[in-house]
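A.B. asks: Following the hints, position chain G against chain C.
So the protein sequences, as listed, match chains C and G.
Here my numbering is used: the first residue of the first sequence is 1, the next is one more, and so on.
Here my numbering is used: the first residue of the second sequence is 1001, the next is one more, and so on.
Hint data in this document are derived by calculation from the structure and do not stem from the laboratory.
All values reported here derive from a predicted model rather than from experimental measurement.
For glycine and all other residues, C-beta sits at the position ideal for the given N, C-alpha and C.
It cannot be assumed that every hint is accurate.
[Said to hold, decoys possible] Each pair of labels, with its calculated beta carbon distance range:
#1 83/C / 1191/G: 37 to 45 Å
#2 1329/G / 90/C: 48 to 56 Å
#3 1046/G / 110/C: 40 to 48 Å
#4 83/C / 1273/G: 27 to 35 Å
#5 12/C / 1134/G: 56 to 64 Å
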Amino acid sequence: MTTLAEVFEKTRGENRAALFGYLPAGFPTKDGAVAAAVAMVEGGCDVVEIGLPYSDPLMDGPTIQDAVHRSLENGTRIADVVHMVGKVAATGAATLVMTYWNPIDRYGAGRFAAEFASAGGVGTITPDLTPEEAGPWCAASAEAGIDTVFLVAPSSTDARIQAVAQRCTGFVYAASLMGVTGARTTVSAAAEGLVRRTRAHTGLPVCVGLGVGTGAQAAEVAGYADGVIVGSAFIRRLLDAPDEAAGLAAVRELAAELAEGVRSR
Amino acid sequence: MKTDSPATPGGGPETGRFGQFGGRFVPEALIPALDEVAALYAEARQDPEFVAELDDLLANYAGRPTPLTDAWRFGEHAGARILLKREDLAHTGSHKICNVLGQALLTRRIGKKRVIAETGAGQHGVATATACALLGLECVIYMGEVDTERQALNVARMKLLGAEVIPVKNGSRTLKDAINEAFRDWVTNVDGTHYLFGTAAGPAPFPAMVRDFVRIIGVEARGQVLDRIGRLPDAVVACVGGGSNAMGIFDAFIPDEGVRLYGFEAGGDGVETGRHAASMSGGSVGVFHGARTYVLQDDEGQTIESHSISAGLDYPGVGPQHAWLKDSGRATYRAVTDKAAMDAFSLLSRTEGIIPAIESAHALAGALELGAELGPDAVILVNVSGRGDKDMHTAMNWFGLGE
Chain C
1 MTTLAEVFEK TRGENRAALF GYLPAGFPTK DGAVAAAVAM VEGGCDVVEI
51 GLPYSDPLMD GPTIQDAVHR SLENGTRIAD VVHMVGKVAA TGAATLVMTY
101 WNPIDRYGAG RFAAEFASAG GVGTITPDLT PEEAGPWCAA SAEAGIDTVF
151 LVAPSSTDAR IQAVAQRCTG FVYAASLMGV TGARTTVSAA AEGLVRRTRA
201 HTGLPVCVGL GVGTGAQAAE VAGYADGVIV GSAFIRRLLD APDEAAGLAA
251 VRELAAELAE GVRSR
Chain G
1001 MKTDSPATPG GGPETGRFGQ FGGRFVPEAL IPALDEVAAL YAEARQDPEF
1051 VAELDDLLAN YAGRPTPLTD AWRFGEHAGA RILLKREDLA HTGSHKICNV
1101 LGQALLTRRI GKKRVIAETG AGQHGVATAT ACALLGLECV IYMGEVDTER
1151 QALNVARMKL LGAEVIPVKN GSRTLKDAIN EAFRDWVTNV DGTHYLFGTA
1201 AGPAPFPAMV RDFVRIIGVE ARGQVLDRIG RLPDAVVACV GGGSNAMGIF
1251 DAFIPDEGVR LYGFEAGGDG VETGRHAASM SGGSVGVFHG ARTYVLQDDE
1301 GQTIESHSIS AGLDYPGVGP QHAWLKDSGR ATYRAVTDKA AMDAFSLLSR
1351 TEGIIPAIES AHALAGALEL GAELGPDAVI LVNVSGRGDK DMHTAMNWFG
1401 LGE
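Just chain G, with the same shape it has in the complex:
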């Protein structure tokens, strides 16, 4: 955590709130565990030994800092200068490793031996399985059955790393149901188990704690952009599902008023069709997975199933700090369709030799849109949150590559 303190206060153990958003809406049985995590985290972040161990792992195990790449040829299509923050090059292939190493060290500090986690695309599951292998922790991953099929490669990776993968067969059989099942496991086994939550959402302290563990992305990127171009970027762009990679790259830029922040949600077939995962562009304020935030819900508060080609964004809620950044106007959120994301996925592959995760392709599609708006003098920083190796099956079907 070479990070000083986060740019955005709030979400601390005192209130757990970001404006009206956040809080804790969970069974009382889990409150002591959440209090324990919050207290241990507050203590650990002040402990130089903990911070030094995490910094060492981030540098010498996870491969940080990740590079900043000028995407000249891709930028020609965007009509602006595009700088890519290369989280795809971090160990395990995405930004998820930062949060996972932080929480795994915390698990060891609490003295728990078993870790559970949910995963959508499998990126968080792979990262969690990796950290558990490294620290000798038992690891159980809940994954929607639909996702185990579309992300079979990551299931194999998790198993190879020694994790048990439990396919979740109820509800929509995707990320939302994997989270439900992980909470059920946690409430049953909370004594010896840490729930290593994968995104900056859920009940306090998770939104603020996960943000703190991933905010190194923006801290690095801000310094790298200043070194490269001698000024701050005009816009910072990320995809938003639960919202951890976006909080990670946004946070350090929040005090920089001249820097616009854009989050791109998964628009699926288009927000107007109702088949999407854009909780801020097409949802409303409610309580979901332990926090007040934007959620896809009907007029009586029943969750509406989300749809996205990207398993990692296929989630009907969003982290409460994003909800607050939206309402306060500090960040702008838009939706990108499956088609626009897959076009950007292909374009980055062909122009830069970088195959991004389909999640990250939503941010790239957003950058193409913004380039046209901001003009050729603009510099746009895009978080390439992960790499696309895991998405080859989806890409083969979409582009007909097997034919």
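So here's chain C without its partners, still in its complex pose:
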């Protein structure tokens, strides 16, 4: 099991940004998701974010919506997510879960945190849990010894950034743009300014996600952020592949391209 603190210690030592890859559990299949996450790690991802599929992903664009829909059609349950956490953590990558709040709320915050931690998970990202509502989850996470990551956005005021950063452990997730998840042709100009504003309120690493999908974009973001988060671009490789082997090869290849990017600050 690798913690986020260990990841950032290593990447700082190597003078580079950390690379995060996102993939929903259960997509394209339960086993296929594990294989794809392993391919991400083999290609060079330091951290894997496993998406817990939710029926109403209102922050996600069409690519992740499609993947999540297929995952739920495959009958993915929280037990499958926890199982995948164990498999991915065994690769040595730091393993996170990204989830909308209601599945954890319903499952029980303490129960989820404990099961997730004992499988080897080290932290969660909860995009619709605001600092005002995060108290119970932060307490349950502290108890289980896992990190809590929340998001700041270009629209966030300095007061909001401070409130969000105070709830974060591990790192702060800076959403690069105003919009839903999905690869874009250029990285939003708002990202760098948001990272700078966030650093004024926290000593934690600041990582950038939303709209990053190529090695060149990863290199650009690595110039000012501590981590680069890529999701839809990986899913797109799996959706477009003619078969599973080709999909895994494409994922590994993209991870390698991005890994090179985060090393060329």
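C.D. replies: Chain G only, in chain C's frame:
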């Protein structure tokens, strides 16, 4: 807003909560926009000019106050005296116009030029398109593809009024998915766009703000009932989907302890079948569309798709103030099946010459049930939240009228 202050505090920008319900569970990117709406609304409601302009529109554009009609012949079937609050006679054919005019004026005050909205039955979409036409705002309506088919007439109305209607093709392709898509648009375009939310649900400040804009229904009705019968009604009845028409007629009566409040949810094929939209009668507490409330969900928090013959009630969540009224015991919520609602739809048409919306027919079916319980001396106030012209296609299929 000839309304003084709302009868039920809570849901304000300070907490956004009704007991344990409500709050804000949304992406951080939307928090500044919600804060902006809350602040502007708090300021506007104190501004005599804003209040006067809204009151003028409600009276001279929307046709308020709407009448109170004694439904004598329908009442014979209910076994009690039934008074109908005639929101079906408001401009655009439902109570939705009140909220829409309020929020459209607010949009202009914020200085935004583009309005987005979700719609189920199309009533809120038509009302929003109407207000946008009136105030010269660009209007985009998200509507589930299933609903665009069963409410084709309202799609045509929205287009005629100058709105763009975007059919939503993911998920259950109904109201819940239209709301998801509208939130996605809002988070992308929030700088110049107001999300004109259509019901007393969602993240704060929407539940309290929408309630305030529609509470005029109950304020009027309370005065009209006192004038008509010299006392308060025994029960106030409304249908509940997201819950705006019910909050609208309930709110003024909440301090009147002797007045019972009943909300009737869409029971679909029956709550016991699992095919329904009754989030309070057949759901559990969770977080949905930005608020803690009752929702139809499985044991791991996945939303269960709702089912109702009424597009406007076909929604797996409910406004947080209803959740709180339920748990506090102040209001009672029950479910009415598709069949009972369609029977009431037909009965009101034949006994009173009033064709109600299928949504409102759920309240009427509830009144028939309550009449038997409360007895012949009882007076029951029913909110006829909208008119049924839009439902002719559904009615033709249900009753075989085309044959």
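A.B. asks: Evaluate each hint against the coordinates.
C.D. replies: Outcome of the hint check:
1. 83/C / 1191/G: 37 to 45 Å: Given about 42 Å between the Cβ atoms, the range holds.
2. 1329/G / 90/C: 48 to 56 Å: Given about 52 Å between the Cβ atoms, the range holds.
3. 1046/G / 110/C: 40 to 48 Å: holds, 44 Å
4. 83/C / 1273/G: 27 to 35 Å: With Cβ atoms ~33 Å apart, the hint holds.
5. 12/C / 1134/G: 56 to 64 Å: The hint (56 to 64 Å, Cβ to Cβ) holds, given that residue 12/C and residue 1134/G are roughly 58 Å apart.
Consistency with the previously given hints is maintained throughout, with no hint failing.
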